[in-house]
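Peer 1: Whole structure, please, built from the sequences with the hints as guidance.
This is what each chain is made of:
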Amino acid sequence: MKIGVFICHCGNNISAAVGVELVARHALRLPGVVCAHTIHHACSEPGQLLIQKCIREKGLNRVVIGACSPRVHEATFQRVLVQAGLNPYLLELANLREQCSWVHEDREAATRKAIDLIDMAVGKVARLQPLLSSKVDVNKRTLVIGGGIAGIQAALDVADSGHEVVLVERTPTIGGNMARMDKVFPTLDCSACILTPKMVELATHPNITLHTYSEVEQVSGFVGNFKVQIRKKARLVDMEKCTGCGACTLKCPIKAPAEFNLGLDKRGAVYIPFPQAVPHIPVIDKSICTYVLKKKCGLCQKICPTDAIAFEQQDEVLEEEFGAIIVATGYELMDWTVYGEYGHGKYKDVITSLQYERILSASGPTGGHIRRPSDGKEPEVIAIIACVGSRDAAHGRPYCSSVCCMYSAKYAMLTREHLPNSRVYIFYMDIRAYSKMYEEFVQRAQEKYGANYVRGRVSKVFERNGRLVLQGADTLLGQPVELEADLVVLAVGITGTASTIALAKKLNISHDEYGFLTESHPKLRPVESSTPGIFIAGACQSPKDIPLTVAQASSAASKVLGLISHDKLETSPLVAEVNIRRCVGCFRCLDVCPFSAIEEQVLRDGSKVARVNPALCQGCGLCSAICPPAAIALSGFTDDQLISQMEGLCSQNPV
Amino acid sequence: MSKLGYFPGCSLEHSALEYDQSSRYVCRKLGIELVELPDWSCCGAHAAHHTQHKLACALSARNLSIATTLGLGSVVAPCPACYSGLKFAQTALKNDPQLKEKFKNELKLDCNAEGKVFSLVELLSQLAPETLKAQVKVDLGELKVVAYYGCLLVRPPKLVQFDDPENPSSMDDLLTAAGVQMLPWDYKVQCCGAVLAVSNPDIQLKLSGDILQMAKLAGAEAVAVACPLCHANLDLRQAQINKYCGSKFKLPILYFTQVMGLAFGASPKELGIDKHMVAAGPLLSKAGINQA
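Top to bottom, those sequences are chains A and B. In terms of numbering that gives the first Met the number 0, the first sequence has 640 at position 641, counting the first letter as 1, and numbering is strictly consecutive. In terms of numbering that gives the first Met the number 0, the second sequence has 55 at position 56, counting the first letter as 1, and numbering is strictly consecutive.
Treat the hints as calculated values from the structure; they're not laboratory data. We treat Cβ as the ideally placed atom computed from N, Cα and C, and that holds for glycine. Any given hint could turn out to be false.
Below, a sample of chain B positions facing chain A; criterion: calculated Cβ distance under 7 Å [said to hold, decoys possible]: (1) Asp163; (2) Glu165; (3) Ser168; (4) Asp185.
Think about it this way: if two alpha-carbon atoms lie no more than 25 Å apart in a straight line, the pair counts; the simulated DSS-like pairs of lysine-lysine are [said to hold, decoys possible]: (5) B:Lys2 <-> B:Lys132; (6) B:Lys205 <-> B:Lys157; (7) B:Lys205 <-> B:Lys215; (8) B:Lys157 <-> A:Lys459; (9) A:Lys294 <-> A:Lys254; (10) A:Lys459 <-> B:Lys215; (11) B:Lys2 <-> B:Lys53; (12) B:Lys215 <-> A:Lys345; (13) B:Lys53 <-> B:Lys132; (14) B:Lys215 <-> A:Lys347; (15) A:Lys459 <-> B:Lys205; (16) B:Lys143 <-> A:Lys345; (17) A:Lys522 <-> A:Lys231; (18) B:Lys2 <-> B:Lys143; (19) A:Lys265 <-> A:Lys232; (20) A:Lys504 <-> A:Lys226; (21) A:Lys567 <-> A:Lys139; (22) B:Lys215 <-> B:Lys249.
Peer 2: What follows is the structure, given as structure tokens:
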């Protein structure tokens, strides 16, 4: 046994709190250790070369590196071993940074702890065995979940490279929230002009299959080999026969608040969400259609010129296989009616930012004329309140929604263009305009468009003599302010959605308390989810503007292309294995396995034992921990390896 | 809930005697037995919590420990400042076992942390509306009233954990059950100026004037309150408000317990309605109630 120990300074990240030289000298006295060095940056080229040189010259057959978390550089150091001719699994990392130097201030105690960590690593590394990975085929098809701008961009990027894509969208049309917007900052180009061509391109792309009004029902499998059930909800309209003439939508006598216009107007029970919807085919709302509910009416069926209304249609469940998945499920506005100070939603002329987008939009409920919801009058004074549900820990939303400062400035510009005699007030805490051309945009709103910026929160909105009154403070003047307004637009904070959380559970990927999906590493793996082969893009990860969303979508697409460019994938050999002579067939492992990797295996004598599917196993170790007769071993973490590690800790090696 | 400790506090002994009378009357009618804490002491009011956290806690802890000694589970304080002080101390002792231990050993104060501290509005809100309705003898359906909650009754929300801090409805519900016509309005929790009446009266007169103005706009004939200080600012100082704002308000300000008492059949005198600066007589006559 020839063990080499390398202790990293990590600049001074580790050496500031840990006596690295002392740790290295101590390591030299441990059984089996033939060399011990300190390195300024073990991950840098000189560091890697030193490790390889020692492996070759001293004939090392086990390596311990005391550096950062394995999450950061385990793969780097495994490559170092491979290049020096060693099996990569003969490496043990001691985390002297995140779990030692960064969290301790007492140098002496931190050094003692570092020595303990090295004792443990040396104890374990002596028992490690070479492991070999196996290979599995990679399915080249990609599933994109969500048909907003993120999903559209990602799907087009993957499909343009010649690979097959399936896009699943929950609502009857693609387009997402961006389709609701009027003009978009910082260039004020019309959202529809840049989005709808992409929607059409997606729908007609030879490599893309589009399933709208559909949901992902169940997901199993693993990177390169996902099996997905997709529920195509019954539209009750035959998509083959329908020409999208819209005659049915005009005749339907039932009315309900239109989702696309956020309740500002009504739609029928059979409806096309908006004029540029893709596909341009109506859907029947089964919860209100009187024909569905009580077999009365059926007017749409009578007038349809192509006989496309299909009340008998049933949901259809498709089974598809994919190699990679991109999740792009977007965002919602948080429920602002928790704000009693703004009236809990009782004032008709206190509206959300997205509702104002619809009012500004030429295809919106007012045809692009700014009219307030209560009486249809043109407002003279428009007040915008920023940070409603953002940067507000009292309402459980401590984070910044990142786009509201910019669209507030946009609203000031568009409002003054529509109504030159109007006055616009923006109540803000800080202006966050950090991206390209953003600060200039806000300046333009102030200087050219005369937006009145008032720094301070609005503490109360109420009605007096038929006008809305805003009370708050101007913190620059140090004075209370009161403003009478005709229309109040709340810049409502962005939140993750309940449906994304439900999807995350099906996909076995992690999310935070606000419903945003968690990336694998906040800086270095921003589009990877916690599960290999599943990528995330757009506002489902965090609040984002359109430029960043598109950039992240393209980034996710390029990660997918990187993955499916391989014909075969190496699987990790750090998987569980069942000793069938010890297994008693209780199958408690089957209950605890989060990845459905345990199968039943029938032996020749007819008895049933457990078997681990190594392609599915993620090496979490739950089965190994729960197995009553200790019949399951996790490679790289076997009982004797862990006991040897503990012995290292308990050996009281002299310092 | 039928028997609990009663902490009147200083106001209810003097300037708000009628709040005390009417609170006791309403509780008696509703079968709630109030046991006035013997030898109760000052809650500390604003002075204590501006001086020292521990002092503020100790003053209220003394009163809570009297209730504990008598075996009274819960305590009710009609005055929101007293209520806030007691609730604050109880929460502080619940969250800080060391402080609790210290009070026990050094000051011999042992408080039951499990009992509840109620404001009178919160206490009566525990009753079923039918219980209230059963006591109604006089129809006040003609009376148009707005409920004014002030600052401390429903705030701070984390401490109080009762009703909506921005748009409360509990007092409205109580008085609706008593048969009064409650009007919606937007100044339920607006600041009345509180003790600025002493140090900076201009601000208080403006703020209280705004409240009366909004009550008038809402169509109210009277304002129901649950706080002696709110009452003093809106009633006692209404003439000063009129002088300062150039207004002509003559808006009776009644404790919500007085309104309930009227509905339950008490005479205005029994409820101390004759003690107010702005006479409620004309209003009550209109509602068919004689002042006597």
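Peer 1: Given the hinted pair Lys205 (chain B) and Lys215 (chain B), is their Cα-Cα distance within 25 Å?
Peer 2: holds, 15 Å
Peer 1: Within a Cα-Cα threshold of 25 Å, do Lys143 (chain B) and Lys345 (chain A) meet the stated pairing?
Peer 2: Since the Cα atoms of Lys143 (chain B) and Lys345 (chain A) sit roughly 22 Å apart, the hinted pair holds (cutoff 25 Å).
Peer 1: Hint check: Lys2 (chain B) vs Lys132 (chain B), CA-CA at most 25 Å. Holds or violated?
Peer 2: Holds: Lys2 (chain B) and Lys132 (chain B) sit about 21 Å apart, inside 25 Å.
Peer 1: Just to be careful, I want the Cα atoms of Lys459 (chain A) and Lys205 (chain B) compared with a cutoff of 25 Å; is the pair within it?
Peer 2: holds, 17 Å
Peer 1: Can the restraint linking Lys53 (chain B) and Lys132 (chain B) be considered satisfied, given a maximum Cα separation of 25 Å?
Peer 2: This hinted pair is violated, its Cα atoms lying about 43 Å apart.
Peer 1: Regarding the pair Lys215 (chain B) and Lys345 (chain A), is the alpha-carbon distance no greater than 25 Å?
Peer 2: holds, 21 Å
Peer 1: Taking only the CA atoms, is the gap from Lys215 (chain B) to Lys249 (chain B) under or equal to 25 Å?
Peer 2: holds, 10 Å
Peer 1: Hint check: is the beta carbon of Asp185 (chain B) less than 7 Å from a beta carbon of chain A?
Peer 2: holds, 3 Å
Peer 1: Tell me if the straight-line CA distance from Lys504 (chain A) to Lys226 (chain A) falls inside 25 Å.
Peer 2: holds, 15 Å
Peer 1: Going straight from one Cα to the other, do Lys157 (chain B) and Lys459 (chain A) come out at no more than 25 Å?
Peer 2: Given pair Lys157 (chain B), Lys459 (chain A) holds - Cα atoms ~20 Å apart, limit 25 Å.
Peer 1: Using the nearest Cβ pair, does Asp163 (chain B) come within less than 7 Å of chain A?
Peer 2: holds, 5 Å
Peer 1: Are the Cα positions of Lys265 (chain A) and Lys232 (chain A) separated by 25 Å at most?
Peer 2: holds, 23 Å
Checked against the numbered hints given earlier, the structure breaks hints 3, 6, 11, 13, 17 and 18 and satisfies all the rest.
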